[in-house]
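*Asks:* Here the protein sequences line up with chains A and B, keeping their order. Using our numbering, the letters of the first sequence correspond one by one to residues 191 to 539. Using our numbering, the letters of the second sequence correspond one by one to residues 191 to 539.
Since the hints were derived computationally from the structure, they do not count as laboratory data. Note that this is a predicted model, so its numbers are computed, not measured. The beta carbon of each residue, even a glycine, is placed where N, CA and C say it ideally should be.
Partial selection, computed: residues in chain A whose CB lies under 7 Å from chain B:
no.: 1; residue: Val383
no.: 2; residue: Ser395
no.: 3; residue: Val402
no.: 4; residue: Gly404
no.: 5; residue: Leu422
no.: 6; residue: Ala429
no.: 7; residue: Arg436
no.: 8; residue: Val444
no.: 9; residue: Leu447
Quick list of simulated restraints, FRET-style, between CB atoms:
no.: 10; chain 1: B; residue 1: Ala308; chain 2: A; residue 2: Asp292; range: 58 to 68 Å
no.: 11; chain 1: B; residue 1: Ala308; chain 2: A; residue 2: Arg329; range: 47 to 57 Å
no.: 12; chain 1: A; residue 1: Glu232; chain 2: B; residue 2: Gly382; range: 41 to 51 Å
no.: 13; chain 1: A; residue 1: Val437; chain 2: B; residue 2: Thr330; range: 30 to 40 Å
no.: 14; chain 1: A; residue 1: Asp354; chain 2: B; residue 2: Ala311; range: 50 to 60 Å
There are 2 protein chains.
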Amino acid sequence: MKVCVVGVGLVGGSIALAARERLGAHVSGYEPDRVAAQRALEMGALDDAPESLGEAVVDAEIAFVAAPLGVLRETVLETLAVAAPGCTVTDVGSTKRAILADDQRFIGGHPLAGGESAGVAHARADLFVDATWYLTPTRTTSGVLYERLHRALTTIGARPTAVDAEVHDRMMAAVSHLPHVVANLLVAQASGVLGGETLPATGPSFRDATRVAGANPALWADIMLANRDALLRSVAEAATGLDELRVLLEAGDVSALYDWQHDAAKQRAALLEAGELGGPTQRLRVAVPNRPGVVAELALKLGGAGINISDLSLTPAPDGTRGEVALWVSTADAPRAGQLIAELGFAVA
Amino acid sequence: MKVCVVGVGLVGGSIALAARERLGAHVSGYEPDRVAAQRALEMGALDDAPESLGEAVVDAEIAFVAAPLGVLRETVLETLAVAAPGCTVTDVGSTKRAILADDQRFIGGHPLAGGESAGVAHARADLFVDATWYLTPTRTTSGVLYERLHRALTTIGARPTAVDAEVHDRMMAAVSHLPHVVANLLVAQASGVLGGETLPATGPSFRDATRVAGANPALWADIMLANRDALLRSVAEAATGLDELRVLLEAGDVSALYDWQHDAAKQRAALLEAGELGGPTQRLRVAVPNRPGVVAELALKLGGAGINISDLSLTPAPDGTRGEVALWVSTADAPRAGQLIAELGFAVA
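Chain A extracted, bound-state conformation (with noise of 0.2 Å):
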């Protein structure tokens, strides 16, 4: 079997060895940077890197094409261009409806694995094992080249699932598009609010809040356009729910405030409950010095009791010297873990 990448920076790379590996494919890499390409051949990720995309997609079975956001649609219609009649097409943008080509050889696809480290040299051929990888067939795909893509992917450890592309991006636009446009409204407004001010360390739910205001401007500027439409409807409809917050606030309902703040822990609870946040969990509350060790004496102990921490966070004071480790265990053990770190002499809740 041939395999053909498209762009093999972090996440091309590692389908290319993934693919060596363990679909003992011969995988040739099209990548314009030849400090890049020469790097994949050298980790053994490709067989060879034609300098032309023809020649790499020659005789391939399936392409992936991992170009970057803002050429990936080109460049999957130039992959289309040179690829024969029988190979499977493929790509891993993290938007799919801006990324349908019609042409029954083409699957939009996009693996939930990654992370910020770009660039081959961070590639691994174990980045898709267990991970979803969503796949968007549309009425023209041929149902061969997307049973061979399925089981490609399986092999290589990824979880294949078939979704509506409009489905995919509206949901990605509400669990990740939209998080980071309100992290990022809440970095200005606390700016423009602390600015010239002198004050302490901000709360935790502003901290966790924020974690990715500003991530990767070049790639965000590229995600939010590429999924424009739906993270359109995104923004409008929290603009909406803002706007509804507001006239609860204007009435000084208290009781139609404590409604929609409870509303939103049961919708909370169930997306808990439906595994969407991870798991069922349950949070074990800590009070700490904060002291080097402190967080391995508390993992120690469960890891100790076979106890899995899916979940850590330490809140410090504000000058660091004490603060609270908020530990997130499977409901199942909670009540174990609790008593485990009672015995190590910390008050936990």
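Place chain B on chain A using the hints.
*Replies:* Here is chain B on its own, set in the frame of chain A:
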């Protein structure tokens, strides 16, 4: 010295414990919930717990009003009505303009401490150690009474910081109340989009941004209403920000979107630099198997080298077998921390 605490829950109880322990004060508590009052007596938080506010406040030099936000203003006024002319009366509410009483004995207060574990059972004498404690004196505030309060707060370990009540409320709206609002909007939208679909775990940006969604509805309905004016202004600014983004998206202006994102990055960096997000730190991202013990291994290695982890977040892969640990350490420690982690055999970025 006699101190009176009006409302003996987590905060009031902790003030009482600290006043007995660190000020050597005689502490009288007024708590309508007699079970809580009894508990506070048994814990040694109070010397006595009279059944009337007048008895509790008689002869007190300072009265701390720690009643629930919904009845805080009326309780402050009731306390002022029975307190002696030379008694400082203060409160601990999270918004300040709504509580302002036009009385030279009154000084608004807001300790940045507490957490969500309500009730006197969680009270501790050291709750306020190194915590910022905002005070909102006005032009009518007596200097002598202010100085007495300031000294008492310093003695129990807090850091009193005078701030204009309006600035305080505006700041809290920006860094705490608005983040809670947008967290609610995000879960509402995600619930709508994901409803009925069984889709995999969402990304860390969503989880982080929605951690506080639906927090304590009764408390938060009161907080939002108590800070209504400032929150309305924050909500209006957020709506304006959404609308500005809408214009950029509709224009399809990639360079303006880049600038918008880049501005947020600069603002976030400035907040970090100013210590608003908890001091100048650097993030290290570590790819790890998500098994019990791995967090301990990292934390121990850094702890053993005297490097403190100021924040830590574990992002599991959808099935929980692998993940990425993000560690925040001081910028000065970052290079050494990276080296130590690499020695453990984990990929670090």
